[in-house]
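Quick note, the sequences are listed as chains A and B, same order.
Heads up: the first sequence runs through residues 0 to 364, numbered per numbering that gives the first Met the number 0.
Heads up: the second sequence runs through residues 0 to 364, numbered per numbering that gives the first Met the number 0.
It is worth saying that the hints were derived from the structure and are not from the lab.
Keep in mind it's a predicted model, so treat the numbers as computed, not measured.
Among the hints, a few may not be true.
What the hints assert, rightly or not - Which stretches of chain A does chain B cover? Using the computed rule of at least three CB atoms under 8 angstroms from a CB of chain B, they are:
1. 163 to 172
2. 177 to 188
3. 209 to 218
4. 323 to 330
What the hints assert, rightly or not - Derived Cβ-Cβ restraints for the label pairs, each shown as a range:
5. A/P316 x B/E357: 17 to 27 angstroms
6. A/D354 x B/P76: 38 to 48 angstroms
7. B/P76 x A/P317: 30 to 40 angstroms
8. A/D354 x B/P317: 22 to 32 angstroms
To be verified - Here are some, though not all, of the chain B residues that point toward chain A, as calculated from beta-carbon distances under 7 angstroms:
9. Y247
10. T319
11. V321
12. L324
13. V331
14. R345
15. L364
Glycine included, every Cβ here is placed at the ideal spot set by N, Cα and C.
2 protein chains.
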Amino acid sequence: MSNKSNPNIHVVILAGGRGTRFWPASRKAQPKQFLPVASGQSLLAATCERLKGWISPDQIWIVTGESHTEASAKACPQVSPSQILAEPCGKNTLPAIALASAHITAKHPDAVQIVLPADHIVAPREAFQDLLDTAARTAQERPNALITLGIRPTHPATGFGWIEVGDEQPPTATQSAQDAKAHRVQRFVEKPDAQKALEYLESGRFLWNSGMFVWSNSAINAALGRYAPETQEALKDAPQQADLAKAYEGLASASIDTGILEKAEEVLVFPANLTWSDVGSWESLTEVLPADADGNHADGGGDLMALDTRNCIVHTPPETLVALLGVEDLVVVRSGDAVLVAPRKRGQDVRTLVDLLETQGPQFL
Amino acid sequence: MSNKSNPNIHVVILAGGRGTRFWPASRKAQPKQFLPVASGQSLLAATCERLKGWISPDQIWIVTGESHTEASAKACPQVSPSQILAEPCGKNTLPAIALASAHITAKHPDAVQIVLPADHIVAPREAFQDLLDTAARTAQERPNALITLGIRPTHPATGFGWIEVGDEQPPTATQSAQDAKAHRVQRFVEKPDAQKALEYLESGRFLWNSGMFVWSNSAINAALGRYAPETQEALKDAPQQADLAKAYEGLASASIDTGILEKAEEVLVFPANLTWSDVGSWESLTEVLPADADGNHADGGGDLMALDTRNCIVHTPPETLVALLGVEDLVVVRSGDAVLVAPRKRGQDVRTLVDLLETQGPQFL
């Protein structure tokens, strides 16, 4: 695909997260999106790279925290510093999206926006770009639609938002027969319990909410005006850095999902047949990392020596070694000054560890 | 005690070992004796320190490998460099002891020698010095006796040499009623199987061979002449560094235990009521390190954060953290570029890992 066909698309990469469950690799000073995971480049760099050949770098925007603008620029040197927007503090996804939308709308009044998390893994690239392209054309032709990409669930995950898929939509003017089909979103369900998740999985009618969104300027701006008017008002002049602290001060924290998508009227979903991981925990690495004959997954660029060891997940940096002897189903991570060892099934509890460290070892956060 | 009473005692610290089972803390470039274990100072430094107040530094000799003379001097700056003897290659304990004996005899013809491993932990210091003093006086008064210190066994260890204790010896001229009593060694048993070890333990008649020996120049030199005449001949002129490579070339590897003690006639043992560890494996740290309320042992100077975790042994250097979440009975070691995770009961198999690394990751040895 050539970027010539998509001059009006602007991609917003949300790079503000912290990735608590990815400790000790993720730290306050180096959140997950700046880490190389399942590849030699950081998740943020890989997110930019994934757009290559489809849009040009001047169509990419990054929203990140003030203390991470430098790291963002380093990860994505092709992105113009003027398109790296620094939030003075994290207020969740809605304000970040509103800020980017104000900037994009000011410069490119007729753009279609694509919102991507900076810290997910999506493959293959070609299929991903095809889907984004289809969704962008749909957004262009349905200027009130808010579009989300839904991932086909592979397990009854309780940590994700789920989307119940409604009616298939008629193809738009530019859609070909092979293109993915948009569906109405019947409803969003945030983090169901295990039983519900299993029901959803078995019903075949549900997708995971990927956090990837597509909409026209007009669609998102109208929705912001209706559901988050104060945030829109505070950011509508696309404030530059100096004025942003003041603008952010009074903003309510809100996610785009609960703040807008769950309320809006014309919300569509494209089922995405993609390899996808939110890299939300060490366990999730198994979705994107190959396993050796004993089921062990190694990441981070370092060496794994496993003896009588099965089904472990290891992350260690280049020129280091993790040696496992007679263990099973463990996560072992070495990063900087810290080592983590936990059973894979306790991966979600890394959050609890991080909470404890806030008081008992803040130097390790 | 004052060193005035012991001008004729010379302590030989054997610092030639490698400590394979202590990987990844022990490396080729930094064997176990140069590591801080269960204290802020290296095991070698602690071994010198343990003699303080009883003998003076000019009564201490260190036998080590050529590549470790500098590290030895750094660990024990109080020891004269002329008393740090560098073996061109490791030939086990018998040649190391023969080399030291030749040097000591040349300078101090009537000395009593005490041989101590550089990489063990012994406490308390006062009781240790008392026992050495008693043994040294015995050696002085029984100039043919080869004396070993025997440790009261605490478990049916299969990795140690055991000593069957024979008849109690009459006190020597200078022994007081409170002094420890020497016994004949009935026999040595090298590394028994589990059942034998249990029998020995339950019999109450056995001690562990500590590798700590006491003898007069005349006793050890006579024994060397009888049981290892070629080694004695090669080293008898106390060769200086330049000639040592040639002298060592043809020497047979032999341990003092099998090469001499198991054959000699007048072999005595002093039962030692001491806290002792050969620090021969990570598991052995439990003998010398305190445990927290959950049975976790932390060493190395770094931090341990343990959540839902029991009976683990952790070694991590200062300013680093090991975080354990929901695990039990593990050894977790971070040292330099490597991390080891293994169940405690597999600690002995670290040797196997090290063997594998010889071919698959020699840079980590």
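Here is how each hint holds up against the structure:
| no. | hint | result |
| --- | --- | --- |
| 1 | 163 to 172 | violated (count 0) |
| 2 | 177 to 188 | violated (count 0) |
| 3 | 209 to 218 | violated (count 0) |
| 4 | 323 to 330 | holds (count 5) |
| 5 | A/P316 x B/E357: 17 to 27 angstroms | holds (23 angstroms) |
| 6 | A/D354 x B/P76: 38 to 48 angstroms | holds (46 angstroms) |
| 7 | B/P76 x A/P317: 30 to 40 angstroms | holds (37 angstroms) |
| 8 | A/D354 x B/P317: 22 to 32 angstroms | holds (25 angstroms) |
| 9 | Y247 | violated (33 angstroms) |
| 10 | T319 | holds (5 angstroms) |
| 11 | V321 | holds (5 angstroms) |
| 12 | L324 | holds (4 angstroms) |
| 13 | V331 | holds (5 angstroms) |
| 14 | R345 | holds (4 angstroms) |
| 15 | L364 | violated (10 angstroms) |
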